[in-house]
Structure formats: C-alpha cells, structure tokens
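Q: Sequence:
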Amino acid sequence: MKMCMNPRAIWNYVNLLKCKNAQVKAIKSAKMLKCYLWFSLHMTTVFKKLVLIFITYKKIESYKRCKR
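Per numbering that gives the first Met the number 0, the very first residue in the sequence shown carries number 0; after that it's consecutive.
Simulated from the structure, these hints should not be mistaken for lab results. Careful: at least some of the hints might be erroneous.
[Claimed, not checked] Calculated cross-link-like contacts (lysine-lysine; reagent style PhoX-like; alpha-carbon spacing at most 20 Å):
1. Lys47 / Lys30
2. Lys48 / Lys58
3. Lys17 / Lys33
4. Lys57 / Lys47
5. Lys19 / Lys30
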C-alpha cells in the first residue's frame with residue numbers, strides 16, 4: 000500500500016507501463032514493416048514477371064502479325 004501513497008512510485012510505474020507500451024508498439028510496427036517490405040518485394044517480383052509476360056506476349060503477337 001506504500002506504493003499507492005508514493006507519487007514517485009506511481010509515476011515510475013506509469014513510466015514503466017508507457018515504456019512497455021512503446022516497446023510493444025515498436026515491435027508491432029517493426030513486424031508490420033517487415034511484412035510490408037516482404038509483401039512489396041514479392042509484389043514487385045510478381046509484377047515484374049507479369050510485365051515480362053505481357054511484353055513477351057506482345058512481341059510474339061507482333062511477330063505473328065509480321066509473319067502473316
């Protein structure tokens with residue numbers, strides 16, 4: 000009960016909680032960032048592949064047209 004009467008102790012406890020929350024938030028945001036980076040990396044590779052497929056397809060189409 001002494002802690003309840005001591006404003007300093009309460010303040011320390013509140014700061015500790017704040018620090019914990021900040022740590023948790025930092026960890027969460029880091030995880031989110033990791034996920035986002037991974038996702039964007041994979042999306043760019045998929046996108047690049049799609050673009051390559053599309054370009055290849057267009058080239059084949061134009062080549063076929065020239066052959067005719």
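Q: Run the structure past the numbered hints and jot down the numbers of the failing ones, going up.
A: Numbers 1 and 3 - these are the hints that the structure violates, sorted from lowest upward.
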